[in-house]
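Trainee: Residue numbers (my numbering), protein chains in the order written: chain H, 35 to 342; chain U, 290 to 627; chain V, 3 to 303.
Among the clues, some could well be false.
[Claimed, not checked] Distance windows between CB atoms, simulated:
| hint | chain 1 | residue 1 | chain 2 | residue 2 | range |
| --- | --- | --- | --- | --- | --- |
| 1 | V | P248 | H | V321 | 35 to 45 Å |
| 2 | U | R420 | H | K160 | 32 to 42 Å |
| 3 | V | L193 | U | F375 | 54 to 64 Å |
| 4 | U | G444 | H | L59 | 52 to 62 Å |
| 5 | H | L59 | V | T135 | 37 to 47 Å |
It should be emphasised that the hints constitute simulated quantities derived from the structure, not laboratory data. None of the values given here were measured: they were computed from a predicted structure. By construction, the Cβ of each residue, glycine as well, lies at the ideal position given by its N, Cα and C atoms.
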Amino acid sequence: MGAFLAKRLAQAVVVAFGALTLVFLIVRVVPGDPAKLIVGPDASAEQLESVRADFGLDDPLWRQYVDHLAGIVRGDLGDSWRLGGSALSNTLDRFPATLSLSLAALVLTVAVGIPLGMLCARRPGKLLDLVVSTGSLAGQAIPSFWLGIVLILIFARQLDWLPATVDGSPAAVLLPAVTLSLPFIGWLARLVRSSALEEGGKDYARTARAKGVGEGTIQYVHVGRNIAIPVVTVLGLLMGNFIANAVIIEVVFSWPGIGSLMVDAITNRDYAVVEAAILTITLAYIVLNLLVDVVYFVIDPRLTPEDA
Amino acid sequence: MPATTVETPAETPAAARLRDVHIAFGPREVVRGVDLDLVPGRVTALVGESGSGKSLTSLALMGLLPPGAAVSAGTVEIDGRDTAGFTDAQWRELRGAQVAMVFQDPMAALNPSFTIGWQIAETLRRRGTGRRAARERAVELMRTVGIPDAEAKYGAYPHEFSGGMRQRAVIAMALTLDPAVLLADEPTTALDVTVQAQILRLLAARQTDAGMAMLLVSHDLGVVARVAQDVAVMYAGRIVETGALDDVYTAPAHPYTRGLLDAVPDPARPGRLVPIDGQPPAPGGLPAGCAFAPRCPYATEVCRTEDPQLSAVGQGHGAACHHSDKVQAQATDVEAAS
Amino acid sequence: MSGTTTAAPAQAVDSPRTDTSRGDAARRVPVRVWIGAGVLALFVLAALVGPLLHPYDPVATDLPNRLLSPGERTDGGDIAWLGTDQMGRDLLANLLAGARISLLVAAATILVGGAVGLVVGLVSGYFGGWPDTIASRIGDIQLAFPSILLAILLAGVLGPSVTNIVITLAITRWVIFARVARASAMATRKLGFVDSARVLGAGHVRIMVRHVLPSLWQPLLVAATVQVGLVMVAEASLSFLGLGVPVDTSSWGATVSVGRDYLGSAWWISTMPAAALALVVTAVGVIGDGFRDASDPRSQI
Numbered sequence: 035m036g037a038f039l040a041k042r043l044a045q046a047v048v049v050a051f052g053a054l055t056l057v058f059l060i061v062r063v064v065p066g067d068p069a070k071l072i073v074g075p076d077a078s079a080e081q082l083e084s085v086r087a088d089f090g091l092d093d094p095l096w097r098q099y100v101d102h103l104a105g106i107v108r109g110d111l112g113d114s115w116r117l118g119g120s121a122l123s124n125t126l127d128r129f130p131a132t133l134s135l136s137l138a139a140l141v142l143t144v145a146v147g148i149p150l151g152m153l154c155a156r157r158p159g160k161l162l163d164l165v166v167s168t169g170s171l172a173g174q175a176i177p178s179f180w181l182g183i184v185l186i187l188i189f190a191r192q193l194d195w196l197p198a199t200v201d202g203s204p205a206a207v208l209l210p211a212v213t214l215s216l217p218f219i220g221w222l223a224r225l226v227r228s229s230a231l232e233e234g235g236k237d238y239a240r241t242a243r244a245k246g247v248g249e250g251t252i253q254y255v256h257v258g259r260n261i262a263i264p265v266v267t268v269l270g271l272l273m274g275n276f277i278a279n280a281v282i283i284e285v286v287f288s289w290p291g292i293g294s295l296m297v298d299a300i301t302n303r304d305y306a307v308v309e310a311a312i313l314t315i316t317l318a319y320i321v322l323n324l325l326v327d328v329v330y331f332v333i334d335p336r337l338t339p340e341d342a
Numbered sequence: 290m291p292a293t294t295v296e297t298p299a300e301t302p303a304a305a306r307l308r309d310v311h312i313a314f315g316p317r318e319v320v321r322g323v324d325l326d327l328v329p330g331r332v333t334a335l336v337g338e339s340g341s342g343k344s345l346t347s348l349a350l351m352g353l354l355p356p357g358a359a360v361s362a363g364t365v366e367i368d369g370r371d372t373a374g375f376t377d378a379q380w381r382e383l384r385g386a387q388v389a390m391v392f393q394d395p396m397a398a399l400n401p402s403f404t405i406g407w408q409i410a411e412t413l414r415r416r417g418t419g420r421r422a423a424r425e426r427a428v429e430l431m432r433t434v435g436i437p438d439a440e441a442k443y444g445a446y447p448h449e450f451s452g453g454m455r456q457r458a459v460i461a462m463a464l465t466l467d468p469a470v471l472l473a474d475e476p477t478t479a480l481d482v483t484v485q486a487q488i489l490r491l492l493a494a495r496q497t498d499a500g501m502a503m504l505l506v507s508h509d510l511g512v513v514a515r516v517a518q519d520v521a522v523m524y525a526g527r528i529v530e531t532g533a534l535d536d537v538y539t540a541p542a543h544p545y546t547r548g549l550l551d552a553v554p555d556p557a558r559p560g561r562l563v564p565i566d567g568q569p570p571a572p573g574g575l576p577a578g579c580a581f582a583p584r585c586p587y588a589t590e591v592c593r594t595e596d597p598q599l600s601a602v603g604q605g606h607g608a609a610c611h612h613s614d615k616v617q618a619q620a621t622d623v624e625a626a627s
Numbered sequence: 003m004s005g006t007t008t009a010a011p012a013q014a015v016d017s018p019r020t021d022t023s024r025g026d027a028a029r030r031v032p033v034r035v036w037i038g039a040g041v042l043a044l045f046v047l048a049a050l051v052g053p054l055l056h057p058y059d060p061v062a063t064d065l066p067n068r069l070l071s072p073g074e075r076t077d078g079g080d081i082a083w084l085g086t087d088q089m090g091r092d093l094l095a096n097l098l099a100g101a102r103i104s105l106l107v108a109a110a111t112i113l114v115g116g117a118v119g120l121v122v123g124l125v126s127g128y129f130g131g132w133p134d135t136i137a138s139r140i141g142d143i144q145l146a147f148p149s150i151l152l153a154i155l156l157a158g159v160l161g162p163s164v165t166n167i168v169i170t171l172a173i174t175r176w177v178i179f180a181r182v183a184r185a186s187a188m189a190t191r192k193l194g195f196v197d198s199a200r201v202l203g204a205g206h207v208r209i210m211v212r213h214v215l216p217s218l219w220q221p222l223l224v225a226a227t228v229q230v231g232l233v234m235v236a237e238a239s240l241s242f243l244g245l246g247v248p249v250d251t252s253s254w255g256a257t258v259s260v261g262r263d264y265l266g267s268a269w270w271i272s273t274m275p276a277a278a279l280a281l282v283v284t285a286v287g288v289i290g291d292g293f294r295d296a297s298d299p300r301s302q303i
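Given only the sequences and the hints, what does the whole structure look like? Please build it.
Mentor: Have a look at this one:
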C-alpha cells in the first residue's frame, strides 16, 4: 500500500508541476507586456520600468520561470495589485466559501441521487425511471448560469424563502448548492441505477434470493456494497467538478469563493491572483483524485497492492 | 398427467413434486409438461443438453425463474403445498429452509464484497438467529463441508478461496437450514477435474447424512452415475426417459438417452465415442411429432406426425418413444455382442 | 457550465448499457434521434439563413419598443414573436444572430481541436515510443486540470473575440480527440494488414493515411457529436462571464447575462436564449447517444 501511494503521489506531483508550468506559460507568454498588465494600462514609462525591475521581467524566460517556482515553494505567488497583499492569502481567504459550497452540493447530490437511482433500479422502465432519465438529460443541457438566475427569481425574489446571496445565514448556501448539484443529481442517479441493475443481475444476487433474502436487503446490502466502489470513486470526481464548476455559480450568486475572485481577477488583469486561484483549485482537484485512489483501495477487498 | 403409467419408485411421500409443469417465456414454451418427484433420501438426476429446460425446471422449484419466464401450466408442489400464486414472502419462507440450491459457478454465486462466513451466517441472521450463534453455526457448517481451518477462514473473501473451496462454501450456505430438498445445478462444471470428484462425494455424503431429497442437474452422465439413484432425461423441454439409474443405463429405451450414453467416454470400451448428430430444436421451432425425430436414427413416419407420450417400458422405467422396444432390443444386442 | 466537465462521466454512465438492444438500434433509428436531428437541422438553418432574413443590429436603440413581451406588436406594426430587450431590439433577431455565433464557434472548435487531436493521436498511436509518451503526458496534465479553469484563463488572457474563443475551446478539447484517435490508431496498428503493407515497402505516412486513418473517422465522429454540445455550453458560459465574444456580438450566453437584470420584469430576455441552448444541446446529446448505439461498441474508448 505504501508503494502504491508513493506512486500516486509522484504522479500527482508531476501533474501539479505540469499545471503550474502551463499557467506560467499562458500568463507570461501570451498576453503581451506583463508589466502593463501588472501596473495597469495608464502607467507611465517610469512605472513600467520599475515594475519590470521589481518583477524581474527583463530576465530571460527560464530565469523568470525558476524564480517563479522558487516563489511557489516559498508560498509566494506575488501580490495582488488590486486587492493589495499577497495573492495567495487573498485566495486562501476565499477557499472555505468555495469548499463549503462544493461540499453542500456534494451532500445534496449524494442524498438525492443515490436513493433516486436505487428506486429507479427497483422498477426499471416505470414512471419514476423515465422521469429521472429524461430529467437528467435536461438537467445536463440547461445552462447552470440561467438555472441559478431562475432559482433566485423564484425562491429569493418571488417567494422570499431563501437568500439570494451570502447574508450570514447557513441557508444562503442552499440556492447555489442546488444550482451546482442539479445537473449531477440525475447523472449520479443514472449511474447508480445502471450499476445496481447490472450488479442485481449477477449470480450472487440470485444466490441471496435462494437463501430467502428479501429484495430490499439484496438491493441495499448485497448489491449496495458492490456498487459502493464505483460510486465512491465518482464522488471524488464529483467533488473536484463542483470545486471547478463553482466558478460560474459563484458569479451568479455573488458567492465570495475562489471562483468569483478569479473571474474578477481575470477581468481586472490581476494575474497574480488568477495564478493563485488556479493553483489552489487544481491542487484541491489533484488531492481529491488522490484521496479517491486511497479510498478505493481501502474499500475494495479484492484489490491488492499489485493491482494498483 | 401423461406419466400415470410410470410409478414413482418411492414409498415415502415426495418432498417436492412437479406435475405437468410448463414454463414459458411469453408465448415461447421452453418446458413442456414435466413430472418429477423428489423423494427424501434419494438423488434424482435431471440430464440433458443446455437449452433442454433442465435448469429452468430446477429454478421453478425455487420460484427463481429469470425475468420473463413463468410457470404457465401445471403444479409445483413443495412440502405438500401448491406454490401457484405464492407471494414473494411465501417463497422467501421456503427458500433456504425447504429448498436450497447449489449453483454452477461458485465464484459468481458468491458476493465478492462480503466475507465467506458472513454470507453463510446471513441465512441464519435473516431468520432471527443472534450474531454469535449464527457465527458459531457458520463455522461448524464450514467444517462440515471440509473447509480446513474454518474459524480463520470465516473472515476470508471469496477471491481468497480456490474454486473447490468456494463451491464448498456455497454448499455450506445451502445446507444452513437443513433443507428437505437440495437442488444442485451443474455443481462441478465450473471446477477443476481434480476437485470435481471431491465435491460430488461431499454432496452425496451430506445428502445421505441428512436424508435430503436431491436434484442433480447435469449434462454429464458420468457425473450423474456416481451419485444418482434415479434419472430423468430431458430433451426439448420434456422428460423423454425416466427410471432407476441402473435400468436407464443398462437398457435405455429412448434413442436420445442411448446417444448420450454412447457419447460418454468409457474407459472399458475405448473408441466407442459416438456423438449425436445434429442440433436440438429451438423452442418455438419444434417439428411436428416427436421433437427428436430429425436427429433420430430410428425415426419412421409415425414419429414425424405423432408426438410420443411417456409410457412404461419396465418396472418404474418410462420412455417417450414410438420405438422404445427396438431401442432396448438393440441395446441388449450390443451388450450381448460385446 | 456543468457541461464542460460532465463529458467524461456522462460517457461512463452510458457505456455499460444493458437496457437497450444494440443490434436493433443499429438497424432502426429511434424516433427521438429523428426529433433530435430535426431540431439540429432547424438550428443550423436558422443560424445560416435567419440573420439574413431578420437582421440584428447590436447598436440600435428603439426605446419606445423596449421590453415588449413575446407576441406583442411594435409601434411599427411588426409582431415581436419573442419580445424585445431593454433597448427595444427584437429578441428573435438577437437569437438568430446568436445561433450563428454558437454554430460558428462549435463547428470551428470541433474542426480545429479535432484536427490537432487527430494528427497528434494518429502519430502517437501509430509510432508509440517517445512521441506517444510525450503526447500522453501532456494530455494527462491537461486533463488533471479542470477544463473550465483553463478556458477561463485562456479566454481572459486572450481577450474577447470569436477567434480567441475558438482557440481557447480548441485547446481545452484537443486532448479528447487525441485520446480517441490514439486508441483507434493503436488498435489498427496491431492488425496484420499494416505489417503486410510495411513488408510491401509502403512508407509510414502512406500507411497512416491509407490504412490507419480510415479507421479513425467513426470514433472521432462519435466523440465530435458529444463535444459539440459541450462546446456550445462552454461558449455560452464564457460569454455569460463576459470572457467570450465581444460586446457588440450577439451570443446566447451574453444575452442571458444581460437579461439577468430584467428577470423580474422581462423574463423572456434570459429565458429564450437559455431555452434555445438547452434545446439544441439536448438534441445533439440525443443524436450522440444514437450514434454511439449504432456504431460498433468495440470501436469505442
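Trainee: Now, for every hint given, state plainly whether the structure supports it.
Mentor: Checked hints:
1. P248(V) / V321(H): 35 to 45 Å: holds (38 Å)
2. R420(U) / K160(H): 32 to 42 Å: About 37 Å separates the Cβ atoms of R420(U) and K160(H), which means 32 to 42 Å holds.
3. L193(V) / F375(U): 54 to 64 Å: holds (55 Å)
4. G444(U) / L59(H): 52 to 62 Å: holds (53 Å)
5. L59(H) / T135(V): 37 to 47 Å: violated (20 Å)
Taken one by one, the earlier hints fail for this structure only at number 5.
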